[in-house]
Every structure is written in structure tokens, then in C-alpha cells.
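Chemist: The primary structure of each chain is shown beneath.
Protein chains: 2
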Amino acid sequence: MPDNKNISADALTKLVSSIFVGTGMSAAHAGKVAEVLVWADLRGAPSHGVQRVPRYVEIIAQGDMNPRPDIKIVKDLPAAIIIDADRGPGQVSMMLAASEATKKARACGIGLALVRRTTHTAALGYYTRLAALEGIAAIAASASWPNMGYHGTAQVGVATNPFSIAVPRGDEPLVLDMATAVVALGKIVHAARSGQSIPLGWALDDDGKPTTDPKKATLPLPLGGPKGSGLSLMIECIASLITDNPILVDTLEGTELANKHRQNAFLIAIDVAAFGLLDDFTTSLERTIKDLKALPRQEDVDEILMPGERGSRELKKRQQTGITIPAATWAEIARVAEKFGVTPD
Amino acid sequence: MPDNKNISADALTKLVSSIFVGTGMSAAHAGKVAEVLVWADLRGAPSHGVQRVPRYVEIIAQGDMNPRPDIKIVKDLPAAIIIDADRGPGQVSMMLAASEATKKARACGIGLALVRRTTHTAALGYYTRLAALEGIAAIAASASWPNMGYHGTAQVGVATNPFSIAVPRGDEPLVLDMATAVVALGKIVHAARSGQSIPLGWALDDDGKPTTDPKKATLPLPLGGPKGSGLSLMIECIASLITDNPILVDTLEGTELANKHRQNAFLIAIDVAAFGLLDDFTTSLERTIKDLKALPRQEDVDEILMPGERGSRELKKRQQTGITIPAATWAEIARVAEKFGVTPD
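Chains as they are written, first to last, in our numbering: chain E, 5 to 349; chain Y, 5 to 349.
These aren't lab readings, by the way, just hints derived from the structure by calculation. For clarity, every value in this text was computed on a predicted model and none was experimentally measured. Backbone N, C-alpha and C define an ideal beta-carbon position, used for all residues, glycine too. Worth double-checking, as some hints may not be accurate.
Unchecked claim - Non-contacting residues of chain E with respect to chain Y, defined by C-beta distances greater than 10 Å in every case (computed):
1) D14
2) D68
3) N70
4) N263
5) K264
6) A341
What the hints assert, rightly or not - Computed Cβ-Cβ distance ranges for the label pairs, DEER-style:
7) Y:E62 - E:G258: 49 to 59 Å
8) Y:T287 - E:P203: 32 to 42 Å
9) E:K220 - Y:E303: 14 to 24 Å
10) E:D306 - Y:D304: 36 to 46 Å
11) Y:A65 - E:D209: 54 to 64 Å
12) Y:K297 - E:D90: 25 to 35 Å
Taking the hints into account, I'd like the entire structure generated from these sequences.
Modeler: In C-alpha cells form, the structure reads like this:
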């Protein structure tokens with residue numbers, strides 16, 4: 005069994021960026037894709053990190069991800085736009101969504117960017133954080149193909165559609181980023197790759213029975229039953245149906261689009277400063293955080309953490325120590341790199 | 005033990021409306037309060053129904069709810085407003101929020117109404133549904149005082165802040181309405197009043213131990229641990245901190261406002277038709293619903309239900325059969341009615 009790989013964030017970003025340039029992406033686009041993936045690894049969320057690289061390369065080869073997209077704003081209303089991502093990398097269209105929604109919010113108080121025909125949007129918290137760094141309270145969600153049970157179904161019905169909310173807090177915004185599943189699908193994949201078991205209640209197996217084996221876990225369960233699956237469905241309605249690019253139906257009906265990798269998304273930006281109360285917001289937020297952190301804790305709890313706080317700490321640590329990538333994941337990345345004539349560090 | 009009371013929706017609305025006129029509300033405001041409370045009872049959600057009447061009367065007497073509010077738009081941006089509810093009934097300011105956010109969305113694609121200094125907003129799904137009946141995809145949430153654990157705390161830290169998303173579907177919009185707790189606090193209250201036990205995992209007791217006794221259940225748990233409490237905190241940030249009316253801090257710090265009943269809220273409206281795709285939206289939505297309902301079901305499941313569907317059916321049934329109110333709740337309402345010289349039907 006080969007060793008896990010330790011690599012610096014910079015070297016990993018350079019490597020991943022070079023791989024995507026190899027697939028035909030512009031250096032600018034490849035850099036954004038690498039930036040967001042490595043950010044997730046830095047924050048200790050490998051489920052949304054560079055373990056996705058081989059899959060991205062695969063969907064580019066299949067034609068599902070377009071490495072040379074013509075990304076356009078196809079609808080422009082005073083406070084809302086639709087971006088057509090032309091099947092380009094989700095990182096590129098989502099960064100655009102964050103900046104365009106922010107512009108609209110500056111002008112109107114609130115702004116909406118709907119994103120149609122994107123591919124994997126990766127860690128949503130990256131984009132809401134990006135907006136929050138500019139003083140924006142941001143709400144984002146993305147819609148994908150069915151990979152989770154709808155409440156009561158014995159087969160996949162909806163997607164583990166994630167959503168994220170971030171609010172400004174200087175250079176350390178508060179960032180909530182959560183799946184509508186009990187856990188993000190990537191965590192089950194990561195457990196399978198790391199040879200770990202999963203807790204009961206995360207997913208069912210092919211027979212609709214609870215399982216602790218991530219390799220048998222084929223039906224992830226929605227968070228809180230009807231709540232998680234209902235929220236996931238609503239995200240499909242807003243991200244996919246308003247933009248006239250429905251995803252669930254094709255997979256559920258087995259049309260020719262059934263196995264295509266497709267996503268839609270949205271990002272809502274609220275300009276806190278536009279209401280004239282940014283200073284009060286910041287003061288009240290710090291006071292709220294201080295009060296929550298001072299509360300009596302449950303017996304086995306060392307510290308009360310804010311949304312995204314653990315990830316921010318991991319990021320600072322890993323910027324110093326580097327990122328450790330499981331041997332199996334590293335082997336796959338190295339294989340892909342070799343294919344494009346890129347030499348891993 | 006007295007019998008439960010069966011009463012028609014109309015008679016109940018009239019009774020509740022008369023009680024609130026008795027407290028000093030205008031007939032228009034009292035009618036809105038009664039309408040939303042009875043709507044929840046019609047839908048089989050007594051936790052947000054007329055069982056709240058005695059409490060409303062109490063907070064009016066305490067001065068926390070203002071029966072004669074001067075509700076004003078205190079900030080008006082191209083796509084966003086802040087409504088100051090002047091501590092009036094939540095039903096009145098939330099109906100205003102829905103109509104004003106809808107107006108903004110018609111003009112700008114998206115609209116936001118922030119509501120500060122309201123009182124109990126009751127069933128949020130009423131207002132998102134109201135907007136959805138006008139072709140709007142609506143997202144609403146409300147922020148209240150701490151009554152739920154924050155992930156890891158042994159005391160209340162955040163509120164069971166509900167949120168709701170509704171999308172247009174003719175005269176039967178799809179309406180998701182959920183608390184950020186494992187269950188809405190009202191359900192625990194209702195179980196206590198009905199003499200029922202609650203499942204393990206809903207709440208902890210004073211000693212931080214799991215309990216099935218709703219009367220001992222003092223610490224409701226957040227949905228999915230850090231997800232539910234993180235989402236609740238984000239709702240406080242958007243609804244309360246942007247509007248400069250923070251709620252959590254006063255209770256957590258025990259200030260003079262600690263025991264005041266206060267809420268803030270927001271409603272985001274997205275005008276589906278403004279994107280020119282309402283027909284496609286409707287077609288795709290029906291197709292999505294049909295596909296989900298046709299999926300194989302888990303063993304003990306009779307039917308796959310859409311968000312809000314069970315409630316809509318109950319409403320139709322109870323419009324015919326009337327609403328059955330538990331004896332204890334009815335006795336309290338009758339006592340309050342008598343106080344204001346109102347004769348129950």
C-alpha cells in the first residue's frame with residue numbers, strides 16, 4: 005500500500021491547474037477550478053477537493069463539461085440575471101454569479117444570479133464567502149441529478165443539493181455550507197476510499213436497508229426526512245425550472261440526457277451596507293458570537309464552534325503543513341497528470 | 005374531562021377575530037391574525053393555530069404586542085425594503101412583506117422585504133404561498149428568541165427559526181415550511197397539551213438528557229446538529245442583524261429586553277414570469293412531481309407526498325368537517341373570549 009501524499013497548497017494548485025490546461029481550459033479558468041478544489045482540501049473537506057479531478061477529466065472527455073465555454077448573461081433584469089454557463093466548469097460561472105449578484109445588490113439592495121447549464125459547482129461556501137468578503141449576505145444553492153432518496157422512496161429521487169449562507173465578518177466571514185442529505189455524498193465516497201465505515205442513518209443499501217459499509221451505501225437519506233428532500237426539490241424548482249433546464253426529470257425518466265453530468269445553481273446577494281447598518285451588523289454579530297461561545301456546553305463538547313470555523317482553522321494549519329491526500333486519490337491524480345504530460349511535484 | 009370542540013373554520017375565524025378586536029386591534033388586522041391562525045388549524049398544524057390565542061392576548065397585555073401598530077416602510081431601495089412592524093401582529097406585517105416583495109420582484113426580477121420589530125409570524129408558509137399564488141417563488145424565514153440548543157450547548161442558544169420556500173403551481177402552490185429544530189417547538193407544546201409522549205431525539209431535559217416527556221423537554225435539538233443551529237443563526241443574522249434589531253443577545257445576556265416577545269423576518273420574492281419562462285416552469289414542475297410520485301416506495305409508505313400536500317388535503321377535509329380543538333385549548337380560548345365579552349359559537 006503506497007503512502008499518503010503530503011503536498012503544499014501552492015504546488016497542488018499548480019498541478020491541478022496544469023492538468024486542466026491540459027484538457028483545453030484557459031489558464032484563467034483552470035486556475036479558478038484548481039483554486040476552489042484546493043480550498044476545500046485546505047479546509048478539511050476532501051469530499052469537495054482534488055479527489056474530483058479524475059472525474060472532471062472524465063466528464064470533459066465525455067463532452068459533459070466544456071473546457072472552452074462561452075459563458076453569457078442571457079437575461080438581464082434590474083436586480084436579477086440568468087447566466088448560461090455553456091457547460092463550463094462550475095467554479096468559473098459561480099465566481100461570475102457571485103460578482104454579478106453583488107453588483108446587482110449594490111444597485112438594488114438585493115441581487116440574484118441564476119446559473120443554468122453549469123457543471124459541478126464544488127464547495128458552494130467558496131462563492132458565498134467571496135461575496136461576504138465584499139460586505140454581502142449571500143445565499144446559494146445548486147441542483148444536480150438524483151442521487152438521494154426523496155422522503156419515502158426506495159430509489160433515488162432528488163439530489164443532495166447543497167446550499168450555503170454566508171454573512172460578512174471582516175476577512176473571516178461566517179460561512180454555513182450544508183448538503184440537504186444527512187451528509188454530503190462526497191463524505192460517503194471519501195469514507196469508501198479511506199476504508200472507513202459510516203454511521204447508521206446516513207444511507208440505505210440496494211435492498212433499502214440501513215448500512216455502515218460506504219461501498220454498499222447506494223441511497224443517501226435526506227436530512228430530517230421530508231425537510232431535506234423537500235428543500236432539495238425546492239432548489240431544483242428555483243435553480244433548474246426557472247432557468248428552463250430541468251435535471252431530475254431526465255434521469256428519472258431515463259431520457260438521452262439521463263446520464264449527462266449537469267447542474268444549475270443560484271446565488272442571492274444582499275448588500276448589508278445598502279441598508280445603512282453595516283457597523284451595527286458587525287457589532288451585533290460579534291456580540292452574538294461571543295454570547296453563543298460562552299454558553300454551557302454538553303458533557304463531551306470542548307468548544308462551541310461557529311459555521312465554517314473549523315474549516316478556517318484547518319485552512320490556516322494546512323497552509324503551513326501542506327495537504328495530506330489519501331494514497332488512492334493521489335495515485336489517480338498522478339495518473340491523470342501523466343496523461344497530460346504534467347509532472348507532479 | 006370536557007370534550008374536544010368541533011367548530012367550523014368560519015365560526016372559529018369570527019371568534020378569534022372578535023377576541024383580537026376586543027384587545028384593541030382594527031377589524032382588518034384582527035381578521036388577518038385570525039385568518040392565518042385558523043389556516044394552520046385547517047392544515048392540521050395546531051402548533052401554529054388558535055392554541056396561540058391566549059398567548060397573543062397575554063403579550064398584548066404585557067405590552068410586547070402592539071394591537072394598534074404604525075407599520076412603516078423605513079428603508080426603500082430599488083429591490084429591497086425594510087418594514088418596521090412597530091411590534092404589531094406578525095400576520096399583518098408578513099402579509100405586507102409578501103405583497104411589497106412581490107411588487108419589487110415584478111419590477112426587478114427579485115425583491116426583498118426585511119421585517120423588523122414584528123411579533124409572532126405564525127405559519128410562514130401562509131405568506132410564501134400568498135406570493136406563490138401570484139407566480140412568485142418565495143423564500144421566507146423568521147427569527148425569534150432563543151428556545152433551542154446551539155450545536156453542543158447544554159442550554160438554549162438560538163431559536164427554532166422556521167423557514168419556508170414556495171413555488172407557483174396554479175391555485176395549489178408547492179409549499180415547504182420547516183423549523184430549524186428537529187421539530188417545531190409548537191409540536192412539543194401540542195404533545196404536552198394532548199397528553200402524548202414525544203420521540204427520543206426531539207429534545208433534552210433540564211439535565212441535558214434525552215426525554216420522551218414533552219413536559220420535561222426544555223431543550224429542543226437543532227435539525228442535523230450544526231446544520232440546524234447554523235441555519236438558525238444565519239436567519240438571525242439576516243433578519244435581525246441587518247435590520248439592527250438583534251434578538252439572541254438580549255436573552256443570552258439577560259438584558260431588560262431578555263423576556264420581551266420579539267421577532268424579525270424576511271421574505272424574498274422571485275418573479276418567475278419576469279424571466280419569460282413561466283409556462284416552461286409549470287410544465288417542468290408537473291413532470292417532476294409526476295416522476296417523483298411514481299417512484300418505488302419504501303415498505304411502509306403508501307404514497308409519495310409533495311411539500312405541503314398533506315396540509316392541503318387536510319384543509320379541504322376540515323373545510324367540510326370543521327376543526328377539532330383539544331378540550332384544554334378550547335377551555336383557554338373560551339376563557340379569553342369571555343374576558344372580552346365574546347360569546348363562542
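Chemist: Please go over all the hints and tell whether each is borne out by the structure.
Modeler: Comparing the hints with the structure gives:
{"no.": "1", "hint": "D14", "verdict": "30 Å, holds"}
{"no.": "2", "hint": "D68", "verdict": "21 Å, holds"}
{"no.": "3", "hint": "N70", "verdict": "23 Å, holds"}
{"no.": "4", "hint": "N263", "verdict": "16 Å, holds"}
{"no.": "5", "hint": "K264", "verdict": "16 Å, holds"}
{"no.": "6", "hint": "A341", "verdict": "35 Å, holds"}
{"no.": "7", "hint": "Y:E62 - E:G258: 49 to 59 Å", "verdict": "57 Å, holds"}
{"no.": "8", "hint": "Y:T287 - E:P203: 32 to 42 Å", "verdict": "40 Å, holds"}
{"no.": "9", "hint": "E:K220 - Y:E303: 14 to 24 Å", "verdict": "18 Å, holds"}
{"no.": "10", "hint": "E:D306 - Y:D304: 36 to 46 Å", "verdict": "40 Å, holds"}
{"no.": "11", "hint": "Y:A65 - E:D209: 54 to 64 Å", "verdict": "57 Å, holds"}
{"no.": "12", "hint": "Y:K297 - E:D90: 25 to 35 Å", "verdict": "33 Å, holds"}
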